[in-house]
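Asker: Chain residues, written in single-letter form:
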Amino acid sequence: MNRPTSHHLRIAGYLFLVAATAIPAACASPTTPASSPAPKASFDQALHDRLPQPVKNRGVLRVGTEASYAPMESFAPDGRTIIGAEPDLGTEMGRVLGVHVQITDTEFTDLVPKVTDGDLDLALSAMTDTPERSKITDFVDYFSAGTTIVVQRGNPAGVTGISDLCGKVVAAQRGTTQEDLLARSQKNCGTKPIVVKKFPTNADTLVELRTARAVAVLNDLPAAVFLVNDPHTSSSYQLASTTQYEPGLYGIVVAKGQPRLRDAVQGALEELLRSGVYANVLSRWHVQAGAVTKITVNSNQ
Amino acid sequence: MTSRRGRTPGSRLFALYVLASLIPISVIGFVLVRGYNDSGVEFGRDQGRAQAAVIERMVVAPALRGADLSAGLSVAERDRLRSATDLAIFKGSVSHLRLRSFTGTIEFSDDGSVTGSVSVSDPAFLAAAAGGVDVRIIEGRQDAPANVRVIQPVIAAANGHATGVLEVYLPYDAIATKSEAGTRLAITRLAISLIGLFAFLALISWWTTRALRQNAATHEYDSLHDPLTGLPNRELFRRAAEDALARGRRGEQGALVLIDLDHFKEVNDTLGHHAGDKLLQVVGRRLSESLRTDDTVARLGGDEFAMVLPRGGSRQETVELLNRVRHELGEEVLLDGVSLNIEASFGVCFYPDGAETVEDLLQHADSAMYQGKHGPEGVVIYEPATPHQGTHALTTQRELRAALDRDELVLHYQPKVELDTGRVTCVEALVRWQHPRRGLLHPWQFLPQAEGSALIDPLTTWVLKRAFADHKAWTAAGHDWTVAVNLSVRNLASLPFADKVRQLLQEGGLRPDRLHLEVTETAYAFDSELAAQVVGALAALGVSMSIAGSTGLSQLRTISFSEVKIDRTFLADLPGNERDRAIVRSVIDLAHSLGCRVTAVGVESQDVADWLVTAGCDQAQGYLWLRPSPWTEVAAAFGAATAKTVVAAPSEAPTPTARTTEHAPAQTGHEDRRASR
Chain H
1 MNRPTSHHLR
11 IAGYLFLVAA
21 TAIPAACASP
31 TTPASSPAPK
41 ASFDQALHDR
51 LPQPVKNRGV
61 LRVGTEASYA
71 PMESFAPDGR
81 TIIGAEPDLG
91 TEMGRVLGVH
101 VQITDTEFTD
111 LVPKVTDGDL
121 DLALSAMTDT
131 PERSKITDFV
141 DYFSAGTTIV
151 VQRGNPAGVT
161 GISDLCGKVV
171 AAQRGTTQED
181 LLARSQKNCG
191 TKPIVVKKFP
201 TNADTLVELR
211 TARAVAVLND
221 LPAAVFLVND
231 PHTSSSYQLA
241 STTQYEPGLY
251 GIVVAKGQPR
261 LRDAVQGALE
271 ELLRSGVYAN
281 VLSRWHVQAG
291 AVTKITVNSN
301 Q
Chain B
1 MTSRRGRTPG
11 SRLFALYVLA
21 SLIPISVIGF
31 VLVRGYNDSG
41 VEFGRDQGRA
51 QAAVIERMVV
61 APALRGADLS
71 AGLSVAERDR
81 LRSATDLAIF
91 KGSVSHLRLR
101 SFTGTIEFSD
111 DGSVTGSVSV
121 SDPAFLAAAA
131 GGVDVRIIEG
141 RQDAPANVRV
151 IQPVIAAANG
161 HATGVLEVYL
171 PYDAIATKSE
181 AGTRLAITRL
191 AISLIGLFAF
201 LALISWWTTR
211 ALRQNAATHE
221 YDSLHDPLTG
231 LPNRELFRRA
241 AEDALARGRR
251 GEQGALVLID
261 LDHFKEVNDT
271 LGHHAGDKLL
281 QVVGRRLSES
291 LRTDDTVARL
301 GGDEFAMVLP
311 RGGSRQETVE
321 LLNRVRHELG
331 EEVLLDGVSL
341 NIEASFGVCF
351 YPDGAETVED
361 LLQHADSAMY
371 QGKHGPEGVV
381 IYEPATPHQG
391 THALTTQREL
401 RAALDRDELV
411 LHYQPKVELD
421 TGRVTCVEAL
431 VRWQHPRRGL
441 LHPWQFLPQA
451 EGSALIDPLT
461 TWVLKRAFAD
471 HKAWTAAGHD
481 WTVAVNLSVR
491 NLASLPFADK
501 VRQLLQEGGL
511 RPDRLHLEVT
521 ETAYAFDSEL
531 AAQVVGALAA
541 LGVSMSIAGS
551 TGLSQLRTIS
561 FSEVKIDRTF
571 LADLPGNERD
581 RAIVRSVIDL
591 AHSLGCRVTA
601 VGVESQDVAD
611 WLVTAGCDQA
621 QGYLWLRPSP
631 WTEVAAAFGA
641 ATAKTVVAAP
651 SEAPTPTART
661 TEHAPAQTGH
671 EDRRASR
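Residue numbers (this note's numbering), protein chains in the order written: chain H, 1 to 301; chain B, 1 to 677.
Bound conformation, chain H alone:
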């Protein structure tokens, strides 16, 4: 989403792969590792030393997330625990850094302000590293994903691409790249603009779509694939097409004034990548197709 123009990418292979692995994941507990010797990340004293003194004092890294974006992060059935690929990555990162990672549910639009204000040390919430955002905070990029269109099962509105959304109601989560994407797409609609309804959580947008108050929702691919494969939701939703728009990188949000923390986070992620824990976690949640080979900072070009 770094580019103003829509970037189309054929994602058929990606979809197939994720779909094939997501179905069994819905039945088996996603926390069950597939292979026998689970790789382990080791504590790194040097990285720990780079943590800000207050973090070291607390022994806790405060991480914000908006938990309505399965399988990246969502509430467990108990309504209290936050689970998903990103909470798991956060936990593993804490292991390397030698601190406890405390993940709290935070509204998406509050994530960046809270990080810059110091209420949160990090934000880990499937947030795409965009040029606009990286002006405000630093991003340690660790995952690759693009946007897809989710519609009601049966696609009653006949949506096949973004241009079909003109003149129709689309639900979007406030503060997301999807919101920006829709805004940018308005210029192709002429006199019949897309009616964008904005909500604080992704779940709210899906309620709109399920109850036909919107014809489409834009979701990042991992969340969309999970949605159309999970037995609880697969009868309600489907992908409008196999097209993926504006692929970008998810980044962990770090305040601009915390370069040592940023480096520590980068180092910890590199350790996870090197040790295989990273791949293991992504596989556990069947999102390994979005894996990156290198942990970068602010690489939103």
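It should be emphasised that the hints constitute simulated quantities derived from the structure, not laboratory data. Even for Gly, the Cβ is constructed at its ideal location relative to N, Cα and C. All clues stand as given, with none of them false.
Pairwise CB distance ranges, derived in the manner of DEER restraints:
{"#": "1", "chain 1": "B", "residue 1": "P145", "chain 2": "H", "residue 2": "A38", "range": "53 to 59 Å"}
{"#": "2", "chain 1": "B", "residue 1": "D111", "chain 2": "H", "residue 2": "G167", "range": "47 to 53 Å"}
{"#": "3", "chain 1": "B", "residue 1": "G104", "chain 2": "H", "residue 2": "K192", "range": "50 to 56 Å"}
{"#": "4", "chain 1": "H", "residue 1": "E107", "chain 2": "B", "residue 2": "R136", "range": "34 to 40 Å"}
Model the placement of chain B on the given structure of chain H, informed by the hints.
Answerer: Only chain B this time, still in chain H's reference frame:
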């Protein structure tokens, strides 16, 4: 007796089956009823859980619009909650509804109360705070009906975030009525099914045990009855005898009878086993038909039958009954075209008469029966006082075998006297047994046992050899007597017998014409054709043959005999009985016209001897001249020449007479029975 024994264990087995199948059926019934009751309660809980879930999602969550209960409720939120729940609470669809924060604070209550909720430390509350759902049925009290209490998290927003705890009480009675009705119906169906199953099992058990009972009864019947005649077998007879003896000890009188058929072995040997079997069947039928219902007739084996006659009248009546039975048994039987008269010996033993065991009774009846076999009466009663003359056949056979080895047998001879010259021309060999314990035994005391076994062959051989040896001896002493030997019916039933005689003649150095073989007519009774062949073969050797008999002379038609013997029964009353005289005279004439000599047997008085002379009889033998004795005594009595001349004279010259006679053929055992009594 058998049916009673068979039924009782069968019924017990049936009862056992029924009881045994009741156990698993009761267990199944108990487990299933428990299961139905449990699932009825479970159904109630599920109803509560489902209703609470709907209330939470459709009433509470929309009213809260995602508000976190720990932050307290705004007035607007509280009002929305009230308006959403008022009617349901007022109408009793919901008994109570409370919303609480995770710390337990009651943020909303249907009746405004802030007490009466579950404690924060209650496991149900803790479970709900941890995301679980606790459903419990709260029993009704006097002031409150039963409720289903559901405590569960409030998840007010679409993102699934739990923000507090919902505590809701739903009326249970309606649910319970429904689930109890379902449970009752299920239990009724189950009860009907189980009762049906039980009845079915009981039916199968009954059917099976009945089949078993019948099988056992059949088996017992088979094991206690003789398959050939259908009569009770030895075992059942023994039980009947035990019962009878037991009643006898209580004073009831009765009789035990053993019956042995005469000449049954010959029937088997000559007509075959098939005919023998048929004969046994006829005997069995006749015996059972002629008895009273309480009596038991059994076949002990072979040709041996037995009866138990309980509740007998006097001894006289019993004997009369048995005589009648014996008479009915003796009626003519047609077997494979051969007409037979069955003769049987009855040994009777009355009980109690001091008998201790059934063995005693059987032994007594056995000895009486063997007396009967050789006495004039067919029915012999065991008398405890009489000396034990009869012995068991097997013992006799064993002893006789030993006697042959030890040479305990001797031959006595009775001379045949030529009536016109008084000269002895022939002596008839008669076997005697010098028994070491029982003294000198006559043939009737052991020959039947020999005839009933393979002993008859060695015995005949022994008699022939000894007779030939004696003949040699008296010839050397200057006596010109031929020797006569009696044949057994069993000898005539064996074709190789003629060869055997020829061989023995050669070995003994005797000319065939010096040997005289005597057969009785009864020898022909069973297979006359075979007997005729054997007689023919013997005649062909040059041996002269004689036939003795009191009935018809049909054998004279086909076989050339050189001598006909007239039975003593015709001679006993001869001088005074015109009919006997006519018969004897005709037999003499008949024999003469066939070229046979005539010998009268059992002549005891001079009167008879004189009459025979006038009638033209050729020879005679009897106590008038000499009772059977060792040949040396015959020699002494008659000397080289005529010792006693009987002159045919019209005047009846008185002559010393012996009181009794012995005149029957030796080996066949028809010696004068009176001689032994």
